[in-house]
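Could you put the whole structure together from the sequences, leaning on the hints where they help?
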Amino acid sequence: MCRLFALTSRDPISPMRAIDALNVMKEGHDGSGVGLYLNGLSGPFEELKDCPILSGIFTEAGLRRLDQYSMDKGFKSKFSILYAPDGPPPVGTPVRGTYAAIAYSVPKGWENLSEAEQGSRLVQMRLDLKKMGEESGDMMVFSFWPDTIVIKEVGDPLEIGEYLQLDRNKDIYARRILAQGRQNTNYAINLYACHPFFIEGVASMTNGENTAFIPIKEYLQSRNITGYSGYQSDSEVFTHIAHYTTKRLGLDIRAYKHIITPLSDSEIAEHPDREFLTELKRSCRKLIIDGPNCVIGCLPGGRMFMTQDRKKFRPGIVGGKDGIFGFSSEVCGLNAAIPDRDKSKDFQPMHLDTVIVGPDCKEIIQCSQTDQLPRQL
Amino acid sequence: MLSDRPITPSTLGVKDLPWQIEWDKDLCTQCGRCTSVCPVSAIELGVFRKRTIVTPAGLRKKPSNEHSIFYGIRQKTDPAYGCIGCSMCNMVCPNNAIQPNRDEGSTTLKYHNDRGGQPRTRGGRRNSEESLLDQIKFMRISMLTDPALDAGRHEFSLNTLLGRVLSPEQSLKCMAENGWKPPVREIYPLVIGGMSFGALSPNMWEGLQMGVAYLNEELGMPVRISTGEGGCPPRLLRSKFLKYVILQIASGYFGWDEIIHAIPEMQVDPCAIEIKYGQGAKPGDGGLLMWHKVNKLIAAIRGVPTGISLPSPPTHQTQYSIEESVAKMIQSMSMAWGFRVPVYPKISASSTSLAVLNNLTRNPYAAGLAIDGEDGGTGAAYNVSMNHMGHPIASNLRDCYNALVVTGQQNELPLMAGGGIGKSGNLAANAAALIMLGASAVQVGKYVMQAGAGCLGSEKDRCNVCNIGICPKGITSQDPRLYRRLDPEKVAERVVDFYLSFDTEIKKIIAPLGRSSSLPIGMSDALGISDRDAAERLGIKYVV
Numbered sequence: 022m023c024r025l026f027a028l029t030s031r032d033p034i035s036p037m038r039a040i041d042a043l044n045v046m047k048e049g050h051d052g053s054g055v056g057l058y059l060n061g062l063s064g065p066f067e068e069l070k071d072c073p074i075l076s077g078i079f080t081e082a083g084l085r086r087l088d089q090y091s092m093d094k095g096f097k098s099k100f101s102i103l104y105a106p107d108g109p110p111p112v113g114t115p116v117r118g119t120y121a122a123i124a125y126s127v128p129k130g131w132e133n134l135s136e137a138e139q140g141s142r143l144v145q146m147r148l149d150l151k152k153m154g155e156e157s158g159d160m161m162v163f164s165f166w167p168d169t170i171v172i173k174e175v176g177d178p179l180e181i182g183e184y185l186q187l188d189r190n191k192d193i194y195a196r197r198i199l200a201q202g203r204q205n206t207n208y209a210i211n212l213y214a215c216h217p218f219f220i221e222g223v224a225s226m227t228n229g230e231n232t233a234f235i236p237i238k239e240y241l242q243s244r245n246i247t248g249y250s251g252y253q254s255d256s257e258v259f260t261h262i263a264h265y266t267t268k269r270l271g272l273d274i275r276a277y278k279h280i281i282t283p284l285s286d287s288e289i290a291e292h293p294d295r296e297f298l299t300e301l302k303r304s305c306r307k308l309i310i311d312g313p314n315c316v317i318g319c320l321p322g323g324r325m326f327m328t329q330d331r332k333k334f335r336p337g338i339v340g341g342k343d344g345i346f347g348f349s350s351e352v353c354g355l356n357a358a359i360p361d362r363d364k365s366k367d368f369q370p371m372h373l374d375t376v377i378v379g380p381d382c383k384e385i386i387q388c389s390q391t392d393q394l395p396r397q398l
Numbered sequence: 049m050l051s052d053r054p055i056t057p058s059t060l061g062v063k064d065l066p067w068q069i070e071w072d073k074d075l076c077t078q079c080g081r082c083t084s085v086c087p088v089s090a091i092e093l094g095v096f097r098k099r100t101i102v103t104p105a106g107l108r109k110k111p112s113n114e115h116s117i118f119y120g121i122r123q124k125t126d127p128a129y130g131c132i133g134c135s136m137c138n139m140v141c142p143n144n145a146i147q148p149n150r151d152e153g154s155t156t157l158k159y160h161n162d163r164g165g166q167p168r169t170r171g172g173r174r175n176s177e178e179s180l181l182d183q184i185k186f187m188r189i190s191m192l193t194d195p196a197l198d199a200g201r202h203e204f205s206l207n208t209l210l211g212r213v214l215s216p217e218q219s220l221k222c223m224a225e226n227g228w229k230p231p232v233r234e235i236y237p238l239v240i241g242g243m244s245f246g247a248l249s250p251n252m253w254e255g256l257q258m259g260v261a262y263l264n265e266e267l268g269m270p271v272r273i274s275t276g277e278g279g280c281p282p283r284l285l286r287s288k289f290l291k292y293v294i295l296q297i298a299s300g301y302f303g304w305d306e307i308i309h310a311i312p313e314m315q316v317d318p319c320a321i322e323i324k325y326g327q328g329a330k331p332g333d334g335g336l337l338m339w340h341k342v343n344k345l346i347a348a349i350r351g352v353p354t355g356i357s358l359p360s361p362p363t364h365q366t367q368y369s370i371e372e373s374v375a376k377m378i379q380s381m382s383m384a385w386g387f388r389v390p391v392y393p394k395i396s397a398s399s400t401s402l403a404v405l406n407n408l409t410r411n412p413y414a415a416g417l418a419i420d421g422e423d424g425g426t427g428a429a430y431n432v433s434m435n436h437m438g439h440p441i442a443s444n445l446r447d448c449y450n451a452l453v454v455t456g457q458q459n460e461l462p463l464m465a466g467g468g469i470g471k472s473g474n475l476a477a478n479a480a481a482l483i484m485l486g487a488s489a490v491q492v493g494k495y496v497m498q499a500g501a502g503c504l505g506s507e508k509d510r511c512n513v514c515n516i517g518i519c520p521k522g523i524t525s526q527d528p529r530l531y532r533r534l535d536p537e538k539v540a541e542r543v544v545d546f547y548l549s550f551d552t553e554i555k556k557i558i559a560p561l562g563r564s565s566s567l568p569i570g571m572s573d574a575l576g577i578s579d580r581d582a583a584e585r586l587g588i589k590y591v592v
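Protein chains in written order, with this note's numbering: chain H, 22 to 398; chain B, 49 to 592.
Mixed in with the good hints there might be a few duds.
Result set (DSSO-like, lysine-lysine): computed pairs, CA atoms no more than 30 Å apart in a straight line [to be verified]:
{"id": "1", "chain 1": "H", "residue 1": "K152", "chain 2": "B", "residue 2": "K589"}
{"id": "2", "chain 1": "B", "residue 1": "K229", "chain 2": "H", "residue 2": "K268"}
{"id": "3", "chain 1": "B", "residue 1": "K63", "chain 2": "B", "residue 2": "K508"}
{"id": "4", "chain 1": "B", "residue 1": "K508", "chain 2": "H", "residue 2": "K302"}
{"id": "5", "chain 1": "B", "residue 1": "K589", "chain 2": "H", "residue 2": "K151"}
{"id": "6", "chain 1": "H", "residue 1": "K97", "chain 2": "H", "residue 2": "K302"}
Computed beta-carbon distance windows for the label pairs [to be verified]:
{"id": "7", "chain 1": "H", "residue 1": "G379", "chain 2": "B", "residue 2": "G456", "range": "50 to 58 Å"}
{"id": "8", "chain 1": "H", "residue 1": "E384", "chain 2": "B", "residue 2": "K589", "range": "44 to 52 Å"}
{"id": "9", "chain 1": "B", "residue 1": "L548", "chain 2": "H", "residue 2": "T391", "range": "53 to 61 Å"}
{"id": "10", "chain 1": "H", "residue 1": "Q387", "chain 2": "B", "residue 2": "H202", "range": "21 to 29 Å"}
{"id": "11", "chain 1": "B", "residue 1": "R388", "chain 2": "H", "residue 2": "S287", "range": "17 to 25 Å"}
{"id": "12", "chain 1": "B", "residue 1": "S549", "chain 2": "H", "residue 2": "G158", "range": "52 to 60 Å"}
{"id": "13", "chain 1": "H", "residue 1": "P293", "chain 2": "B", "residue 2": "N435", "range": "58 to 66 Å"}
Keep in mind the hints are simulated off the structure, nothing from the lab. Cβ atoms here follow ideal geometry from the backbone N, Cα and C, with glycine treated the same way.
What follows is the structure, given as C-alpha cells:
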C-alpha cells in the first residue's frame, strides 16, 4: 500500500522534509513512483501568484514544441525552473530530460473570462499538451495552474529527491506539500498513475484500493467535464470526486465524506440533515467508493484534509503544532517530520471523521459525519 | 391390445417416446394410484394375457398351452398422451414400482407432437441447458492491497433503487426549489417477476405473497413481487401489504378495472407499476391464458366470463407506438397515483431495446426499464417462438447500460434484467454477473416456481405443461383437485429460504471483490469469460 505524507505550514518549507518522512515509511513503498504537489510557493513564484505554472518533464524537442504551443496561445513565459540532471539516474528510473516548472502570463483578454472558463481552458491546455506528449514521447505534463507545481517520477522518493536536488532550490519551497511513495498494485507502472492527482486547484492522494473504480470512472467520464480523464490509477477518481463536490455541486468539503462513504440509512434517520443526506446519498450513489482508502487532499485556498473509508484497518494520522501540521499514513512519518509536537493532540480520523487544517495552520478541525453540516444551500 | 394393431404413419412404439415408463410387476401392489395421478393419462391399467407352454414329462402327452391373465400398467403410445416425465406416478407409488425414464435417443415424438394442425404450445422452458451467465467468472479478487471482506460477519448494503434518480446537480436544484422529485423505492435487487394471477394457482400466489410479506415484515428484506397481468385480489389491493407489490398492466388490461376502482380505498401505494410490452421467450407475441385455467375466481378478478381463452394482444391496442406509450401511459399511470408511484415498462430484450431506452431517458416520469431476455419463462408459448425467438439478456442489458453510460444516466434510470437467471440453479452467480454488467436489479420467475413450489419441469422437456392447467404439483393449475396439493405455507417457507440463501451467496461473491457499501452495478472489471467473442461483446476480460 502506498505511503502518504502531507505538510501544511505557515512558512515555506523544503519538499525534502516530506520526502524524508516518506523515507521513514520506506517499507511500504516499492519505488514504483513518487509524486509531489507543491502549493503556496515561495520565491519568484510567490510574486507570480496569478500566473499558471506548467509542470512536467520535457525532452529538448518537447521544450521547443512547448514554446511554440504556448506562443501560439499567447502565453508568455515569466519565470521558469528548468532542471536537467547530469548524473546517472537512480536504479529503475529512466533518463528523461528536463524537469520543468514554467510560469506564464496569460494572454490579453483572459481577464474578461469567468473564473470557471479560465479554469476550463487551462485544463484543456494541459490535456492537449499531455496528448501531444503521449503521441511523440517528448513531454509529460502534470499540472497547469497558478501557484502549483507537481513533480512525478518512477523511483525511490529519497533517491529521486536527491537526484532532482529538491532541497537546494529555495524557489520550490512551499507552504502545502503532498508527497506519495507509490506501491505498485493492480495496474501497470505508469508515471501518470503517481499521486497526487490534480485538477483545477484540487489535489489529492490516496492509499488503499478502490474496488468501485470502473463504475465511478465511467460515471465521472460521463459528466462531460473537461479534465475527467486519464485514470491510469484507481485513485485518480478521488481527486475528481473532490473537485465535483466542491466545484460542480458547490458543497463544502465536509460533504465529500458523505458522498464517498454515506451513512447507513439508520444513521441518516437520526441526522439533523436527514433529508439532504438521503437525497445526496441517492443521487451520488455512483460515487460511493467501495474499498479501504485514506484520502489526503488540498483544496483551493489552502485547506488540507484527510478522510477515510470505514473499511480502512489502519487509519492515517494528523498532528503538529501551531504553524505546521502533518498528515501521514503512518505515525513514524509524522514523528520524523514534526518530532517536537504535542503527541497527545495527534488525531487518527476513523470511519466517520474528516480532518481539516486551514491555511492559517492554527488547529486541527475534526468533523464527524454525524454532525450537522454547514448550511449548504 | 390387438396383436395385429394397425400401423399408420403416426403410430409410435413405446421406444419412440422420450419418456418411457418402467414398471415392475413384482413390486406393484396394483393400487391404481399412478394411473389416477398421471396428469396426461399416459398410463392406464392394462390386462395382459400370458401364454405358458406346459410340457409334461415323457412322450405320451403332447405339450399344451395354458392361458392366464394378469393386471398391470400399460403406457399409451398415442402422441396426445405422451408421458411428460413428471414422475408423479413414482411419487405416489408406495413401492417405487414405477418410474419414467428418459430415452435420450428417441426424438420421433417431435414429429408427431403437432396434431390437428395445431403447433405445440408449451409452458415454461426452452429445453436448452447452456447458459452464458454460468460461464462468467468473478475474478478481480481483492487480495493485494487489502484483505477481502468476511461475507459472514461484515455489514453489506445490498439494496438497490427502483425509480428515476436525479443527477446530483438536478437533485440539489430540486431541493433548493422545493420541486417535484420522482418517487424512488429502495428494494432488494432480486425481484419476483410477473407471473399472473390466473397463470398461477391461488395457493401458489398466496404462498408467494406470504413469503414476500414475511421477508419484509420479519426479516427486513425489502423484497418486491410483480403481479403479472391479471389483476390482484381485492383484499390485497386494500391491504397494507400492497406496498410490497408491483402491479403489472399488460395489453389485455385484465384486472385493471378492479385495480382502478380500488385506488380510493388503498391504504398504501403499490411499490410500482410495471407496464408490460413484451416477454422474453416470445417477443412480439401476446400472452394467452388458456380456457382451462379461467375458472370462476379468475374470471371474477379479471372481469371476464369463465371458461374462455384470454389472449393479450401483442401490443397495447390503444396505443400507436412505444414512443406514444412512453409519453402517455407512463404519465397517466403516474397521475393515477398522484405521481407518488414509480412507473416503468417491461420489454422483451430485442434489437430495439436501445430505442425504447432512448425514449425513456428523455421522459421525466419513466422510473426504469425492465428487460426480459429470451430465456424468460412463459406460461404459454409456441415451441417455435420459445426456442427460436428473442435476444439473450447479457449482451442486450450490457448495450443498454453502455448507452446510459454515454449519456451519463447510468443507474439514474435503473435497468432490471430478467430471462434465464438461475435456470441451472446458479441464481446468485447469475444475478451478480448481470448486476456487474449493469443491472440495478434482476427479475426471476421460473426459479421462484422451481424452488418455491417444487416444480417438476426441467430444461430437458420434462413436464413443462404449465399452460394447460394440469400442473401435477398444482402450481399453475386452477383445478382445486390439483392446487390443493400445494401448501401455501410451505411455498412461503421455501421462498424465504431461497431468499436468505441468495443473500448469503451474493455476499460470498461480492465480499472477495472487496465490495460492501454499495451494490457493484457496472463493476465489469470483476468479470471474466473464456469465450473471446463473448468477452469482446460484453466488454469484460477474456480469460482462459
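Check: Hint numbers the structure violates, sorted upward?
Finding: Per hint list: 4, 6, 7 and 9 violated.
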